[in-house]
Structures are given as structure tokens and as C-alpha cells.
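*Asks:* Reading the sequence shown from the start, the letters are residues 1 to 536 in the working numbering.
Be a bit skeptical, because a hint or two may be false.
Pairwise CB distance ranges (calculated) [claimed, not checked]:
{"#": "1", "residue 1": "Leu386", "residue 2": "Asp329", "range": "40 to 48 Å"}
{"#": "2", "residue 1": "Ile491", "residue 2": "Ile206", "range": "43 to 51 Å"}
{"#": "3", "residue 1": "Val494", "residue 2": "Trp452", "range": "20 to 28 Å"}
{"#": "4", "residue 1": "Arg432", "residue 2": "Glu520", "range": "20 to 28 Å"}
{"#": "5", "residue 1": "Arg382", "residue 2": "Gly313", "range": "49 to 57 Å"}
{"#": "6", "residue 1": "Gly309", "residue 2": "Tyr205", "range": "24 to 32 Å"}
{"#": "7", "residue 1": "Pro473", "residue 2": "Gly309", "range": "42 to 50 Å"}
{"#": "8", "residue 1": "Tyr205", "residue 2": "Trp334", "range": "15 to 23 Å"}
{"#": "9", "residue 1": "Pro473", "residue 2": "Val21", "range": "52 to 60 Å"}
Because the hints were derived from the structure by calculation, they are not lab data.
Just so you know, even glycine gets a beta-carbon here, dropped at the ideal spot from N, CA and C.
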Amino acid sequence: MKDVNVPALVVFVLFFALVTVMGFLASRWRRADDAAHLDEWGLGGRSFGTWVTWFLLGGDLYTAYTFVAVPAAVYATGAAGFFAVPYTIIAYPLVFLFLPRLWSVSRVHGYVTPADFVRGRYGSRPLSLVVALTGILATMPYIALQLVGIQAVLDVLGVGGGENANWFVKDLPLFIAFGVLAAYTYSSGLRAPALIAFVKDALVYIVIIVAVIYIPIRLGGYGHIFDTAAQHFKQAKAGSLTVPENKQWTYATLAIGSAMALFMYPHSVTGVLASKSRKTVRRNMAIMPAYSLMLGLLALLGFMALAAGVGEGVKGYNAQLSVPQLFADMFPDWFTGVAFAAIGIGALVPAAIMSIAAANLFTRNVYKDWLKPAATPADETRVAKLVSLLVKVGALVFVLGMDKQAAINLQLLGGLWILQTFVAIVGGLFTRWFHHWALFAGWAAGMVYGTWEAYGISSKATKHFGGNAAEIPGIGEIGYIGVTAFALNLIVAVALTLVLRAVKAPVLPDETKPSDYSAEAGDEELKNAPEPVAAH
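Produce the complete structure using the sequences and hints provided.
*Replies:* Set out below in C-alpha cells:
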């Protein structure tokens, strides 16, 4: 049984109590006239300004698992773990091109999810359904990994009774964290994580800035850190300080594919649609790269853990524990509690947003579209609240009942899956040329090919789904499966659209019009306005 780090635990619990109170008080923050509406519970009333949106998106995208997994990847593989830095640098200029258009058309038509937009743009409920189900499927393991991040912190803190305790005592702290998260999300909706994100991001920035200054001083400087890491990789015959030539295609395609997938995730779109104006979205895409700087500094913690000897001599050491253990070894106990609070709260914020986003998808695109078309806004809100609880229960059962490696593998698959919605969503924001059945077929081809390829990859930890890179057909290089599947998706969608248009297959009505894609807040009345007649 591990000794409990009492000072760190006290600080951790105090911060946890603070955000719990904030979570429940959030229901009174910017209280709406009609709280029984999905716009209010699931999108915070679409009222968040630049700073609230910035903290919300930062809390949404840079999660506890990011805090743990990125430096853990650097700890285990070296420079290859830095792929997360270029992918976020690529992502923001890319999404600057289309997210304002998605916000505008969603504001005009009251869309709550990306699948709502797909249904309105293409008039196809089946296509909308598969986009929604893909989003839910990709989000579930992501929520589970937030709980894995909390478990890593609790393990290093020494709480839970140790390995020999019965299952209930061992996981009791996680049950408590889950219960609190479920309660304030149910009560306050998106307002809760939006308010808590201020505390989470402030703690993350403080911890990272202190860590990248204080820890190198204790370890003898960055030169010593990199020399020790290089020596470790040489002795282990695994990893390096630079990306090997035979892995550069994997590194590049993983960065590109991850950048394309980042804002296809439902929780990312939820944060964007909660913004109060198109200008707010554009401003945030301009200032979000500040988080990329933080991510680069965060990744360096993996090298610091190697230099500090974390896990040294321990056979099969879990790299996911390297950063929490580094903090416990390097910092005074009270600051270790602050760092662990940053990780713990960094799990609660995105887990709340993800569960809300998944609930929005189910409510709008499964329940309302297929089960109860006459559902009122109050019905939608009630169902969304219940589904958000079920999603969290599912994630908790997944974490407690399955191997942690399975959660990691499924999260890797989630990125591959969600990327297959890119053609329908982003393509639809710029053109109505694609036929809805062609997009459906392209999605199916990408999903089947990508999942099958991933299934055939083994690793030391698992027989199937052991990685996300395979040979790219026709090129011969090893690359990210998601990008290859996306290319197949696009080829099928284009080719089949050409065929269906050639045979004059019926095209379903598009409820949007060009002016919708540039509308600003207050322009919702444009929804029913006729298009201007071009002069001849």
C-alpha cells in the first residue's frame, strides 16, 4: 500500500471542492429566460464572448489526458511524441477557413450539432445519422481517457487503498469525482465547464511555466536533460531526440490528419457554436495558438522525467504515470497538489463538454429525427440531460471494466473515425455539389478500410488495434491510417457523385442559402428571406 501524500491531497481536494461549488453555481450564471431549451443547457445560450470561448475551447481541447499522454509519448518515444505540437499549429489556420461559416449557418437555422447541419444541407436523415453516431462513437473513449488521467493522479497521490484493496475502496475516489461531474453537468449544462475552465487553464499555465523553469534548475539545465534523454534512448534502442527518417511520413501524416480531425469532434464544435458571434469565432482561431506554445513546453516534461530517473529500473513502467511522478519527486508537496489539481480539473472540464456534446447528438439526430419528431424543446433538454449521465456511466464502466490500453487504442480509432465526417461537413460548408448517397458511401468506405487496417496492427501490449500507422497503398511509405482512409473516402464520394449526377439521381432539398454562411449574430431573420435576384 502506498503512503498517502497528505499535503498534496489536501490541496488537490480544496481545488476540487472549489470547482464543484463553481459547477453548481454556474446554473445561475447568465441565467436564461427559458432554461428548458437545448440551446441553453447544451450551448450555454450561444452567449459566450471571446475570453469565455477561449478558455472553454482551451479547456475542451487541452485535456488531462493531453497533460499526461503527450509528455508520456515523449518519455517513451522521444521526438515522435511532439507530433501534437505541429498538428495544433496546422489546425487553427485550417479551421479559420470554415468554422466561421459553420457558426453562421448554425446560428441562422438553430443547428446544435454538426449532424444538424448535414441534415439541413443535404436533406438526408441517414447521412445525418451516421455523422451523429460517428461523433458519439469517437467521443466515448475520449471521455474514458479523462478518467484514466484522474486515475493516474490518484495513483501517485496514494489514495484508493492500494492494489490489495477491494474494488470499491480502490476506485472510490474515482466514483466520487464521477458523481460530482455528473451532478453539476446535469444541473448547469455547458455553463459549468465554461466557468470552471478559467480555473483549469490558469492552473495549467502556472504549473507549466513553473515546471519548465524550476525542474531544469534542479536537474542541471536543459543541456543535461537532453544529454540524459539521448543516452537513455541509445541504451534502450528505442526512441530518439529527432524523428528517424523511416518515421517521417508517419509523423507528418499523423500531424495533418489530427489537425483535420480536431474540430470534427462534437465537443470542439459545441464550444464553437456556444460563441455569441462570428467575430468571436474568428478571434479565437487567431489567439488559440497560444495553447500550442503551452503544449510544446508540456511535451518537454517527458525528457525531464527521463533525466530525473522516473521509472528507472522498473520493468514495464507505465509511462502515463511519468509526469505525475515527476511532479511528486521534484516539487514541494503543496505545489504537487496544485499540479495534480490542474490535471484533475483538466479531466473534469473536457469530460463535461464531451458528455454534453454526445447528448446533443443523440437528442437532436437520433431521438428527435428518428424516435420522436414532435419532441418539444423541453423534451429535448430532458433527454439530453439523461443521456449525458448515461454517457458518463458508460465511460466509467469502460475504464473500470477494461484494460487501459483498450481505452487508448479506441481513442486512436476515434480520431480515425471522426476524420471520416470531414468530407460531408467541411465540403458542405463550401459546396452543394456532392450527392448525399455518395457522401454516405465515402464515409462507409473510409470507416471500413480504416478500422480493418487498424485491427491488423499488433504491438507488445495488444494483438489488435496496436497502432495507427500502416503502409500507404501506391506510395509504399508508412503513414497515418486515418489520412489514407480519408483519401479513399474523398475518392469514393467524388467518383460516385459524378456517376449519380450523370444518371440524374434525385437530389434532396437544401434548406440553407448562400447568405446563411456569412450571417452575423442578429441576422437570424435571414433564414426565411428570399434570395436576391441577380441582375441581367
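*Asks:* Taking 49 to 57 Å as the hint, is the beta-carbon distance of Arg382 and Gly313 inside that range?
*Replies:* This hint holds: roughly 55 Å between Cβ atoms.
*Asks:* Holds or violated: 42 to 50 Å for the Cβ distance of Pro473 and Gly309?
*Replies:* Holds: the Cβ-Cβ distance is about 44 Å, inside 42 to 50 Å.
*Asks:* Against the range 20 to 28 Å, how does the distance between the Cβ atoms of Val494 and Trp452 compare: consistent or not?
*Replies:* Given range 20 to 28 Å: holds, Cβ gap about 22 Å.
*Asks:* Between the beta carbons of Gly309 and Tyr205, is the distance compatible with 24 to 32 Å?
*Replies:* holds (27 Å)
*Asks:* Given the hint of 43 to 51 Å, check if Ile491 and Ile206 actually sit that far apart at their C-beta atoms.
*Replies:* Hint holds: Cβ distance 48 Å, inside 43 to 51 Å.
*Asks:* In this structure, is the beta-carbon distance linking Arg432 and Glu520 contained in 20 to 28 Å?
*Replies:* Holds, since Arg432 and Glu520 (Cβ atoms, about 22 Å apart) stay within the stated range.
*Asks:* Holds or violated: 52 to 60 Å for the Cβ distance of Pro473 and Val21?
*Replies:* holds (55 Å)
*Asks:* Taking the beta carbons of Tyr205 and Trp334, is their distance inside 15 to 23 Å?
*Replies:* holds (18 Å)
*Asks:* Falls inside 40 to 48 Å, the C-beta gap from Leu386 to Asp329?
*Replies:* Because 44 Å falls inside the window, the suggested range holds.
Violation of the numbered hints given earlier is absent; every hint is satisfied by the structure.
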